[in-house]
Amino acid sequence: MKDDPIYKDRRYRINELRKKNEKMTSRERTIKAINFEEPDRIPIDNWMVPEIKKRCMEYWGCESEEELLAFLGVDVRDNYGPSYVGQEFKKFDDGTVADLWGVRRKVVTYGKGTPHEGTFKEVAWSPLEHMTSVEEINAYKAWPTPDWWDYSKMKAECAYWHPEYFVLNKGDRLDRTAQLKPMMYLRGIQQTFIDLAMNPDIVECIRDHVVNYFVEYNPKVFGAGGNEIDMFMMGDDMGGQRGPLISVEMWQKYFRDAFRKYCDIAHEYGLKVMYHTCGDVYQLIPEFIENGLDCLQSLQPQATNMDIKRLKQEFGKHLSFQGGMDIQQVLPLGTPEDVKKMVRYAAENAKRGGGYIFGTSHNIQADTAMENVVALFEAYHEYGVYG
Amino acid sequence: MSTLEKLSEYVEHGKGKEAKSLTQKLLGDNISANKIVQEGIIKGLDAIGEKFAAFEAFVPELMVAAMAATEALEVLRPKMTHGTLHKTLGTVVIGTVEGDVHDVGKNIVAMMLEGGGFNVVDLGVDVPLAKFLKEVQYHEAQILALSALYTPTRLAMRDVIEALKKEGLRDKVRVMIGGAPIDQDFCNLIGADGYAPDAPQAIKLARSLLA
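Top to bottom, those sequences are chains A and B.
Following this note's numbering, the numbering of the first sequence begins with 1 at its first residue and continues without gaps.
Following this note's numbering, the numbering of the second sequence begins with 1 at its first residue and continues without gaps.
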């Protein structure tokens, strides 16, 4: 940590609030919360794009990401799973790179020449997009196998954070346990929607390949991590800005069984399950609970029906929540006052009886002013306290 | 059930092949292209739009309905170069703004606008600002429709509107915007003429912008 007075001043408020409020480790705090008990303060999870992470480090005078998270009082530490040791991901002349599934991605730059310039990796080519039969899909040569991973370092990597922090095994965006997302990458989003409406055989075929992979892979991950993993996170985007992307009936038909299977496997290893989805999934929440979900993240308040107060009232006895901080309007366009109001609203309505972890509805994006990021973390510590 | 009603049902349920062959049959029966569009295709799209609004239909159903509408429209296109439908409801230039490559929502909107009687020029994704300006002028578009999925990329919408002003084109074209991070506040903030939260409402908005 840099010791210049300017950084000390900037860190002062968060440091003071933490000194006053914190009476347990991050791990104890988060475990209590997901078990529906009230800890000392609401635990904090953190999702940021690299550009914001860098700005935060500069602003608060932190010399590493680890220092930044420790200073901010972020309680959750991400574990990205085993190390990839399969064949090298192929690079193509057009600048695209193949991923685990053989899907080619390219780097897209937005906001060129502006202060909010950044990059995203986007799908550039979906290998199954033009296939028309189950036979062709079955013959696809690049289906991944769990043998492409080295699990030997995972336990030590997780243990590094213990006993202080709460370790969340979440994989990365490309190998995170899911069903619909890999299907969309492999087949293209538009074609996937068409398949869902018209080609049930193809949906089931791709889904089975994806599910079989994770059903084999996850026990190896959980076994390797042992008791150094505190929670398992899977993720699929089932929600749009208004309403689920697909009907409840379609979810039941295509995705329910593996959702349950994924939860069951984690539970067999004593792990609770967190599930990431963007958007409005209100209609699906009873299904999620029924099929074994423990914690839903990352509530997107601008989506219809995702008001945290209502979700807590209706489902809070059975489901814990992470998220609720709006990255679509309040953080990029609001004032620090608006940000504080948002944090306060979530805290007041979701903290009772535990079952809530602070978090943003997705990564804080590069278009967010630093003063709003400061307001967010200061408000977490101001309004998150119990008692 | 009349044949036109049957066509609207095929469109609503995303039965593209059936919609296409029925449209051919209707043309053979000397039903005007205009009538087929108004009482068959648009009616079907409106019906799926209502179900979507009521959370009874979702993206897959909306997408195949929009595709069925465009398939039926393909049959009519040769008949639309003259006669009453030579004049469409208006020309819409549509695209996803620079830095953003997401097009699923934009494609559904484009298909539904086309099915809904508009002439649609789809510029695709990651469209540079200058291209929007050029194409709006070239096609003498009444509407420019901009899409974005990410919050940082939506700022490019503001740049397009500023550029239209600078080029003296702002009064000549109505700008409508959409995409997950767009709402009425953002629309007001950047001075667009309208925002729609989904494809069925985008058709209504486009109609109202030209009313």
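FYI, nobody ran anything at the bench for these hints, they're computed from the structure.
It is possible that some hints are incorrect.
To be verified - Within a straight-line C-alpha distance of at most 25 Å, the following computed DMTMM-like cross-link-like pairs (lysine to aspartate or glutamate) qualify:
{"no.": "1", "chain 1": "A", "residue 1": "K309", "chain 2": "B", "residue 2": "D159"}
{"no.": "2", "chain 1": "A", "residue 1": "K23", "chain 2": "A", "residue 2": "E38"}
{"no.": "3", "chain 1": "A", "residue 1": "K112", "chain 2": "B", "residue 2": "D183"}
{"no.": "4", "chain 1": "B", "residue 1": "K131", "chain 2": "A", "residue 2": "E67"}
{"no.": "5", "chain 1": "A", "residue 1": "K112", "chain 2": "B", "residue 2": "D159"}
{"no.": "6", "chain 1": "A", "residue 1": "K20", "chain 2": "A", "residue 2": "E290"}
| field | Violated hints, by number in ascending order, as checked against the structure | value | Going through the list in order, the structure violates hints 1, 4 and 6 and respects the others.
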